[in-house]
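Produce the entire structure from the sequences given, and follow the hints as far as they go.
Order-wise, the sequence lines are chains A and B.
For the first sequence, position 165 (counting from the first letter as 1) is numbered 165 according to my numbering, and the numbering increases by one without interruption.
For the second sequence, position 66 (counting from the first letter as 1) is numbered 66 according to my numbering, and the numbering increases by one without interruption.
Since the hints were made in silico from the structure, they are not lab data.
Among the hints, erroneous ones may be present.
[Unchecked claim] Chain A regions said to be covered by chain B (calculated; three or more residues, Cβ under 8 Å):
(1) 19-27
(2) 40-47
(3) 132-142
(4) 149-162
Just so you know, these numbers come straight off a predicted model, no measurement behind them.
The C-beta atom is built at its ideal place from N, Cα and C for all residues, glycine as well.
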Amino acid sequence: MAETPALDMALLVAEQHAAVYRYAYRLTGAVCDAEDLTQQAFLAAQRKIGQLRDPRRARGWLFAILRNCYLKTRRKRVPLSATKVDLDVDNIPEKQPDELAIDPEKLQAALNELPDEFKIVILMFYFEGCSYREIAERLTLPSGTVMSRLSRAKGHLRARLLPETSQPLETPTRLRR
Amino acid sequence: MNDEHFDRAVGRAMEQVPLPLGLAERLLATLQAADGQLAEANRPAQGSWPVEGSRPADGSRLAEKNRRVVSRRWLVPASIAAAALVAVFGWFVFRPVYPPMGYEDVIADVGDFYDQEAAAEGQPLAVVPSADFPLSSAVVTNSSTRWRPVSKLLGRSTGVAYELTSARGKRATLYVVDLNSRHRPIATNSLPSSPPNNGIFTEGRTMGAWSNGTQLYVLVVEGDDRDYRGFLRRRDHLA
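Written as structure tokens, this is what we have:
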């Protein structure tokens with residue numbers, strides 16, 4: 001009986017480790033931290049493998065475990081106040097070519113500047129394909145809060161990734177929790 | 001650039017993360033270390049652990065494995081249920097079967113019980129007669145009559161003992177238990193329906209037993225046959 005979860009874990013790792021690692025990397029912004037976080041997530045998944053009833057939901061299940069592991073890890077560190085993070089969202093982008101190529105490293109740099117609350121929301125949107133309602137439901141947050149965080153986080157990414165085509169805002173903005 | 005284009009571009013960029021070499025192998029080694037049972041049996045029969053390039057296109061393998069896992073999970077409750085059925089059947093077949101107790105058996109058993117009670121500390125007595133185990137109308141009672149609950153008498157979980165005192169100061173105990181018990185069946189046809197006029201005298205006491213409906217009465221009197229009869233109401237059939 002105890003061997004059963006192990007069978008699942010081998011397959012889970014084989015099928016999901018790449019996606020989980022990518023998500024972890026986008027969360028942590030560092031290769032070592034991403035690998036550590038991925039290991040934590042799979043270890044937690046191994047302990048909870050009995051909870052996975054529908055293998056088609058394995059990826060979302062692992063992502064949820066990963067997010068929780070990440071937040072637990074972050075809570076142990078000295079929190080970085082969002083008010084201390086100056087985010088330059090002075091510019092709003094205008095028109096762009098249809099196929100825009102975004103530098104993954106710049107993207108990571110922009111993500112690293114986001115407080116966790118915003119980063120989690122934006123990664124759930126892009127990585128998991130969650131709507132703001134789904135994000136609100138999974139994070140047990142008000143929909144308005146999620147919409148606000150998502151909008152402001154996207155604005156930050158735009159400002160960081162498309163500065164040459166952006167328009168200045170009337171006043172500088174800071175992301176606040 | 002509109003939001004849709006921007007979202008698509010960011011979404012593509014999100015996925016562009018190079019994987020460290022040997023990540024899957026390290027993960028599996030960590031999991032193996034954490035769970036010693038993630039072992040050789042879990043390795044594919046041919047080849048090594050699945051790596052990035054050989055990952056299945058969908059979750060079909062995992063789904064198939066999990067179906068088997070779910071099937072195996074049912075084995076445990078099914079096994080428990082089967083074991084329980086076997087245990088019940090075994091108990092039914094091999095359960096201790098007690099032969100019905102005859103009159104002498106009842107007297108001997110109650111005598112032993114009486115001795116054990118006498119060796120034990122006194123128990124609290126109640127004045128109000130027990131409703132479940134009523135007194136026998138064939139026994140002489142008075143205002144000093146008390147009762148107390150007893151257990152494990154003749155295999156019954158509950159019963160009652162009435163403490164009686166005669167006008168001459170003799171003491172007696174009247175035990176009342178339910179006849180309806182499969183644990184220690186009593187051959188009711190061996191019991192009279194009223195107190196026998198002559199009790200069984202042994203070890204300084206005289207005992208008699210009878211049944212009335214579902215109740216079994218056993219009277220234990222400290223003394224001889226004369227003392228015994230002193231606790232019985234005079235009736236024609238007792239004469």
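Hint check:
1. A stretch counts as covered by a chain when three or more of its residues have a beta carbon under 8 Å from one of that chain; for the stretch 19-27 of chain A and chain B the count is 4, and the coverage holds.
2. Only when three residues or more bring their CB closer than 8 Å to a CB of chain B does the claim for the stretch 40-47 of chain A stand; here the count is 3, and the claim holds.
3. Only residues whose C-beta sits within less than 8 Å of a C-beta in chain B count toward coverage, and the stretch 132-142 of chain A has 0 of them, not enough to reach three; the restraint is violated.
4. With 5 residues having a beta carbon nearer than 8 Å to a beta carbon of chain B, the stretch 149-162 of chain A meets the requirement of three or more and the stated coverage holds.
Hint compliance for this structure: hint 3 alone is broken.
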